[in-house]
Amino acid sequence: MIRRLAVITSQAEVATPDERSVAHRVGRLLGENGITLVFGGSAVGAAGAVAEAVAGAAGRLIGVVVESGVPVRPDLTERREAGSLEEQRSIVASLADGYLALPGGFDSIEAALHTFDQTGGRGTEQPLGLLDEGEYYSKLVGLAPDPVLDRFFTETQRGRLVVAKSPTELLRRLTGYRPPETRRDQPFDDD
Numbered sequence: 013m014i015r016r017l018a019v020i021t022s023q024a025e026v027a028t029p030d031e032r033s034v035a036h037r038v039g040r041l042l043g044e045n046g047i048t049l050v051f052g053g054s055a056v057g058a059a060g061a062v063a064e065a066v067a068g069a070a071g072r073l074i075g076v077v078v079e080s081g082v083p084v085r086p087d088l089t090e091r092r093e094a095g096s097l098e099e100q101r102s103i104v105a106s107l108a109d110g111y112l113a114l115p116g117g118f119d120s121i122e123a124a125l126h127t128f129d130q131t132g133g134r135g136t137e138q139p140l141g142l143l144d145e146g147e148y149y150s151k152l153v154g155l156a157p158d159p160v161l162d163r164f165f166t167e168t169q170r171g172r173l174v175v176a177k178s179p180t181e182l183l184r185r186l187t188g189y190r191p192p193e194t195r196r197d198q199p200f201d202d203d
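Residue numbering for the sequence shown follows the numbering used here, starting at 13 and increasing by one per position.
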């Protein structure tokens, strides 16, 4: 069950209008559905826009903050301190039930793929939702088996990917997610 989501965004301090629009829609959807946002605590960029919308929908914000000079939201429901980026990623992995990656720059792709390297906590069973608006991720991931992608993703990692073109559909799929090992010998449902 998804109660807390870590949202992955571009790390740029200034979001494009399209990035802000997507971030606001996702944040509002999370807040309206009672899903807590787990993030770096930033008050700027796409991450800040997601948090602003979650807070505006009376949602909860858990900020895992690394002192870096980036402005931090003053209205965090809960604030955790991390001494490094690696510690921050580890704490986020331990708190979140899954990840939702927004379209953005190369750094959002890198951060999304980094979730597959999480070794502690529940990193091996958490879903990674890719919001594929504008087909941002589909060329990278591909929706059919691809020998090139098979060199980069294990079967279990590919099974953790949840891809959808709209925030509503992605959240629906994430909330219905089951880890790959629990799906064996189960009927396939791709409505």
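These aren't lab readings, by the way, just hints derived from the structure by calculation. A few of these clues could be false.
Restricting the straight-line Cα-Cα distance to at most 16 Å, the calculated cross-link-like pairs of lysine to aspartate or glutamate (EDC-like) are [said to hold, decoys possible]: (1) K177 <-> E44; (2) K177 <-> E147; (3) K177 <-> E145.
Open item on the list: For a quick check of understanding: which of the numbered hints are violated here, in increasing order?
Closed with: Hint 1 is the one this structure does not satisfy, whereas the remaining hints hold.
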